[in-house]
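Asks: Chains U and G, in that order, give the protein sequences.
Quick note: the first sequence, position 173, residue 173 per the numbering used here, numbers continuous.
Quick note: the second sequence, position 38, residue 38 per the numbering used here, numbers continuous.
Treat the hints with caution; some may be incorrect.
[Stated by the list, open to error] Pair ranges (Cβ atoms, derived):
{"no.": "1", "chain 1": "U", "residue 1": "A137", "chain 2": "G", "residue 2": "N182", "range": "55 to 65 Å"}
{"no.": "2", "chain 1": "U", "residue 1": "T35", "chain 2": "G", "residue 2": "Y56", "range": "25 to 35 Å"}
{"no.": "3", "chain 1": "G", "residue 1": "E207", "chain 2": "U", "residue 2": "E147", "range": "49 to 59 Å"}
{"no.": "4", "chain 1": "U", "residue 1": "A137", "chain 2": "G", "residue 2": "A126", "range": "49 to 59 Å"}
{"no.": "5", "chain 1": "U", "residue 1": "G164", "chain 2": "G", "residue 2": "L249", "range": "51 to 61 Å"}
{"no.": "6", "chain 1": "G", "residue 1": "A240", "chain 2": "U", "residue 2": "T49", "range": "43 to 53 Å"}
{"no.": "7", "chain 1": "G", "residue 1": "Y56", "chain 2": "U", "residue 2": "H63", "range": "48 to 58 Å"}
These are computed hints drawn from the structure, not numbers from a lab.
The beta carbon of each residue, even a glycine, is placed where N, CA and C say it ideally should be.
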Amino acid sequence: MGIAVTAEWTDLASISFASVSQESEVNQSRVPDQTDVARFEMAVLPHLTAAYNLARWLTGNDHDAEDVVQESYLRALKFFSGFRGGSSRPWLLTIVRNTCYTWMRRNRMEEPGLELDEELYVDSNSPSPEAILLAAARGDMVRRALEELPAEFREIVILREMEGLSYKEIAEVTAVPVGTVMSRLARARARLQKLLGEANPSEGRA
Amino acid sequence: MICREVQELIHGYFDGELDLVRNLEMERHLHECAACAGVAERLRALRSGMSGSLPYFHPPAGLEGRIRAELRAYAPHTRRVLHFGMRRQWIGIAAALLVAVGITWQVPRTKPPSGDAETLAQEALASHVRSLMASHLTDVPSSDRHTVKPWFNGKLDFSPAVNDFADRGFPLAGGRLDYLDNRPVAALVYQRRKHVINLFVWPAPREPDSGEQQSSQQGYNLLHWTKGRMAYWAVSDLNAGELETFTALVRGAP
Chain U
1 MGIAVTAEWT DLASISFASV SQESEVNQSR VPDQTDVARF EMAVLPHLTA
51 AYNLARWLTG NDHDAEDVVQ ESYLRALKFF SGFRGGSSRP WLLTIVRNTC
101 YTWMRRNRME EPGLELDEEL YVDSNSPSPE AILLAAARGD MVRRALEELP
151 AEFREIVILR EMEGLSYKEI AEVTAVPVGT VMSRLARARA RLQKLLGEAN
201 PSEGRA
Chain G
1 MICREVQELI HGYFDGELDL VRNLEMERHL HECAACAGVA ERLRALRSGM
51 SGSLPYFHPP AGLEGRIRAE LRAYAPHTRR VLHFGMRRQW IGIAAALLVA
101 VGITWQVPRT KPPSGDAETL AQEALASHVR SLMASHLTDV PSSDRHTVKP
151 WFNGKLDFSP AVNDFADRGF PLAGGRLDYL DNRPVAALVY QRRKHVINLF
201 VWPAPREPDS GEQQSSQQGY NLLHWTKGRM AYWAVSDLNA GELETFTALV
251 RGAP
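Input sequences plus hints: build the corresponding full structure.
Replies: Here it is as C-alpha cells:
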C-alpha cells in the first residue's frame, strides 16, 4: 500500500498543471467516491493554512474566512476529477479566491474592481529604506497598509510575498496576464511604501 | 539599459523572474546608477519589513476536522475492496457514522421513516442543504420546462417529468444533476416566495406506488412517494402544509 500511495502521489505531481480557470471548474465529470476523497485529502488538505490565510486577508474576518474555506474545499472536491495534477496549491488558491469574490458579492462586501489610479512609479518623494523599515517595525503599520489596498492588489501581494508563487502561478490564480501581475505588484508596492512613508513623516525625510 | 526600462523591469528582477541576459544587464545598471539602486534598496526594505510584521493567519482548531467530515459526507459510500493500509481509517469513519446514526436515532420525529428510507431522507436533506450552500442550486437555471427537460438528456438514463407550477405559486427555477441512493438523479428546483424546494426524481423499477410519507428533520420538511416506477423526494424549509400543496400538484401533473 505504501508503494501504491507513493506512485499515486508522484502521478499527481508529475502531470502538467492544467490552466486553472473557471473552465476547469466546469469540468466536473463524475461524482467523487470515498477513494477520491482520500486522494483529495492527501493532495489538497495540506494547503489548508495557505487557503485560510488568503481567505482571511480577502474577507477581512475570521468568520467569513472559515465559511469561505469550507465552501472552497467542497467545490474543490467536486472539481478534483478535472484537476490534471501539478501543483495543487495554486489550484486550490484559485478556487478559494473565486469563492471569496462570490461570497463578498453575495454579502455586499467590498467590490473587487477598484483601481489604484495614482501615478505610482518611483518618484523623488519615495520614503527612504530606513523610513520603510522603521514604520514596518511599528506593530501593525504594514498590516493596516496592506488592508487598505484594493482586493486585487492585496491578493497579488499575499500570493507573492506570503505564498512565494511565481508570476505565472499568480497569473493563473487571479486570471490576468503575467504583465498585469507585474504592474499590479509594482503599484501595490509603491502604494505600500508611500503609506509607510506617510506614517512617520519626521523620520521619513531625515 | 536606460533608467526607464530598469524601473519597468525592476520588480521582475527583484522577484527572480527575469531571464539571464536581462538579469545581468540589470545588475550592471544597478551597479552604476545610484537612483535605480535606491529603488531596489527600498524594495528590499519593504520586503524585509513585510516579512517581519505581516501576520500569517492560521486556521482555527477544528476547521480541518469539519472539512474532513463534510468531504466524507459528500461522497457516496461505495462498497469497495479496500487496501489494508486504509482500513484503520475506514474503521474510524465507520465508527463515527455509527455514533452519528446512534445520536440521530434518539431524535423524535413526527413519523419516522424506516429502513432505507431513513438513509435516503438523510441523503436528500444533505443534498438540499448543500444545494443552498455551495451556490450551486441549478445547473440549468430556467423556468421553461422545455429547456430544463431536454437538458437532462444524455446526463441521465431516464427522462424526468418536468412541470412549471408558476400559476399555482410554485415557479420552476431550474434543474440540477445530483447523486442520491448511489446513482445520478434529477433535482428539480422550485420556488415558493423566498423558499427553495428541491424535488429529487429517479427510477425505482421494483417499488410499487405508495402514498406520501412525511418526515421532518432539523427544521426541514421531507415528503417521499413512489409513482409510476419513479421515486420522488421533496425537501424544503417550507411549512409542511404548503409542501403538501406542492407535492399534490406534482402528483396530479401528467
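Asks: Just pull the numbers of the violated hints for me, sorted ascending.
Replies: 7
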